[in-house]
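Listed below are the residues making up each chain.
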Amino acid sequence: MSTADKVRINKLPTGVPGLDEILGGGLPEFSFNIIAGAPGSGKTTLAHQILFANATPERPALYFTILGEPAIKMLRYQQQYTFFDPAKLNNAVRFINLSQVVLEKDLDAVLQEITKEVEKASPGIVVVDSFRTVVRKALGRTTEVELQSFIQRLALLLTSWQATTFLVGEYVEGEIRDNPVFTVSDGLLWLYQAPERNSIVRKLQIVKLRGQASVPGLHTFRITSAGLQAFSRTLGLAGQVRNIPSTRRLSIGIPELDKMLGGGIPEGDSILVAGASGTGKSVLATQFIAEGIRQGEPGIVVVFEERPQEYAERAGSFGLDLKTPRHERKLEILYLRPLDLSVDETMHEILDAVQKIGAKRLVIDSLAGFEMALAPGFRADFRESLYRMITALTGVGVTILSTVEMNESFTEFPFSTYSISFLTDDIIRLRYVCIDGQLRKIMVVIKMRGGNHSKDIREYEITSKGVVIVGDRLTDYQRLITGIPVRLNRSGNNEEQLSKS
Amino acid sequence: MSLPESRYLAQRLLTYEAAAGKNSEATESAAFRVFAKLRRPLITLAGVAGFRSLLSRALTLARAEAPSLSAVQVAADGSLQGLDELEPQIDKEQAKEGGAILIAQLIGLLLTFIGEGLTLSMVQAVWPEAAFDGRVFEKERKA
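Chains C and E supply the protein sequences, listed in that same order. Numbering follows my numbering, in which position 60 of the first sequence is assigned residue number 81; successive positions increment by one, without gaps. Numbering follows my numbering, in which position 81 of the second sequence is assigned residue number 225; successive positions increment by one, without gaps.
Heads up, a few of these hints could be off.
Under the rule of at most 27 Å between Cα atoms (straight-line distance), these lysine-lysine pairs were calculated in the BS3-like manner [what the hints assert, rightly or not]:
1) K236(E) / K141(C)
2) K158(C) / K229(C)
3) K486(C) / K476(C)
4) K94(C) / K181(E)
5) K109(C) / K236(E)
6) K280(C) / K468(C)
7) K32(C) / K109(C)
8) K181(E) / K137(C)
9) K181(E) / K126(C)
10) K32(C) / K158(C)
What the hints contain is simulated information worked out from the structure, not anything from laboratory work.
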């Protein structure tokens with residue numbers, strides 16, 4: 022069977038940002054779906070969002086309410102969401118209460134009532150909320166076979182009448198097995214919410230979806246005044262085409278450091294700047310982004326420890342003008358501080374900003390701040406998500422500079438406490454060193470995946486122009502990287518430990 | 145005390161139904177017909193039990209303003225019993241006033257629970273030929 026011979030399944034928008042991508046393009050038209058989850062997980066809101074996104078006067082949406090949340094209260098609360106369009110009510114969106122039929126009659130009567138309304142309205146979308154109530158009520162006086170037959174006939178009716186259906190129910194996971202509702206359904210969307218220390222984490226899963234490939238796994242979502250917003254765990258980057266690697270080198274904004282890097286940072290690399298507090302990581306990162314702006318490359322700075330205004334003002338004290346490019350939308354400084362962000366949500370915010378201004382350079386200052394800004398429950402996923410984002414962004418040619426704070430040790434020289442060197446192509450290490458009774462600073466390029474680089478250990482200072490490398494490589498000392506170097510006595514073979522001099 | 149907006153809308157509905165009644169052979173009062181027409185969509189939306197609860201509350205509130213309504217009852221199916229029987233027992237104007245107050249209280253509850261937009265949209269669906277939009281309340285608010 023050729024592709025042309027196959028039936029084409031239209032995909033309906035959910036109206037939920039991010040969810041269509043997770044579903045593999047949208048909801049299959051005429052499918053029979055279940056929205057399951059515990060009370061408060063967002064089932065009704067999701068159903069309303071889908072309803073308002075698709076209902077038209079020609080193909081209206083029918084919302085059957087059954088013994089769940091009273092319809093008047095549901096309308097009272099749901100109209101608070103921005104997706105709720107009052108103009109659609111009674112016209113494109115119709116609410117029908119079936120409580121009495123369910124309470125007083127049998128499943129055949131329920132089906133008859135639904136049939137009557139469906140044949141009258143010819144709806145495009147049908148929601149039954151809560152379907153669980155129908156089943157519970159029926160179980161007392163109906164055999165399992167009769168229940169299965171009812172569900173089968175309901176699915177047949179609604180599909181034949183070309184309606185896309187959503188049965189909303191408060192199910193628990195153990196019920197999936199042996200429940201005829203789940204067997205008959207084409208799609209099963211499960212919503213979860215769980216406390217993680219002091220935060221609430223909301224996740225959704227497409228447990229089942231016939232006819233198209235959805236993104237597997239648990240995806241975080243948030244409920245705001247705009248309704249649900251979903252964040253795909255693949256960050257919407259699945260199947261993204263990678264650019265052909267560039268051979269261009271980008272200036273970091275410090276000429277001597279560019280030389281140490283073999284001509285600059287290879288475009289599309291992820292570079293890590295590691296060092297203790299006060300060693301100038303943020304200044305160096307600012308110089309990198311300012312140099313990009315100067316070269317006509319829009320940039321994003323993600324900060325966690327100071328506000329954008331303060332960040333721009335601090336850059337100004339080093340003679341770097343970030344206010345103008347911000348005003349011209351060539352630079353965006355994102356301040357992400359809320360302590361209950363999910364990692365994917367944060368990544369999405371960064372990706373949106375990158376796409377919005379067509380950023381070529383990205384600074385994450387710092388990784389420790391990033392991790393701290395996440396809800397505790399998401400910190401375990403931090404490295405995995407960071408890896409996905411960095412891989413995706415560098416794949417399309419964005420050059421990323423991340424900073425990471427190191428505990429200064431005078432006995433070791435670790436590259437990173439985060440074990441994230443696998444995330445980075447290049448590493449620059451900044452460190453304090455004790456020379457001639459002064460606490461001075463040195464830098465060294467530890468790693469360049471793209472080629473050769475200088476092995477020199479260079480001293481630098483933070484001046485009014487930012488990070489400036491001073492002098493040639495330090496040839497008169499040994500054990501510089503320990504922080505407590507030894508001066509070489511070139512006239513003889515004696516070594517003198519500087520800290521003792 | 146019912147809100148001026150709900151009183152105004154109730155009065156408009158009653159006037160509309162009274163005019164419509166003159167052109168037909170309807171024997172029920174305008175208030176009764178307004179109830180009968182509102183009852184259908186409200187039962188569709190909220191179910192019989194939901195509508196009955198709303199109407200019972202509206203009746204309790206209305207009785208404080210119009211004691212003559214004490215003889216009126218809400219039946220199990222959400223219909224009103226005793227409303228049309230009021231007129232022979234008391235002054236005609238008093239009976240009309242009682243009906244208007246009860247409708248105003250019911251509309252007032254809808255305004256409280258689902259807001260002006262949805263209430264007007266529902267009323268408009270019942271009386272499509274009449275013009276009810278947000279402007280119906282503007283004059284009342286200014287007053």
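Comparing the hints with the structure gives:
1. K236(E) / K141(C): violated (42 Å)
2. K158(C) / K229(C): Distance of about 26 Å is within 27 Å: holds.
3. K486(C) / K476(C): Holds. K486(C) to K476(C) sits at ~25 Å (cutoff 27 Å).
4. K94(C) / K181(E): holds (22 Å)
5. K109(C) / K236(E): violated (40 Å)
6. K280(C) / K468(C): holds (14 Å)
7. K32(C) / K109(C): holds (22 Å)
8. K181(E) / K137(C): Holds, because 21 Å separates the two Cα atoms, which is no more than 27 Å.
9. K181(E) / K126(C): Roughly 26 Å separates the two Cα atoms, so the pair holds.
10. K32(C) / K158(C): Cα-Cα ~34 Å, so violated.
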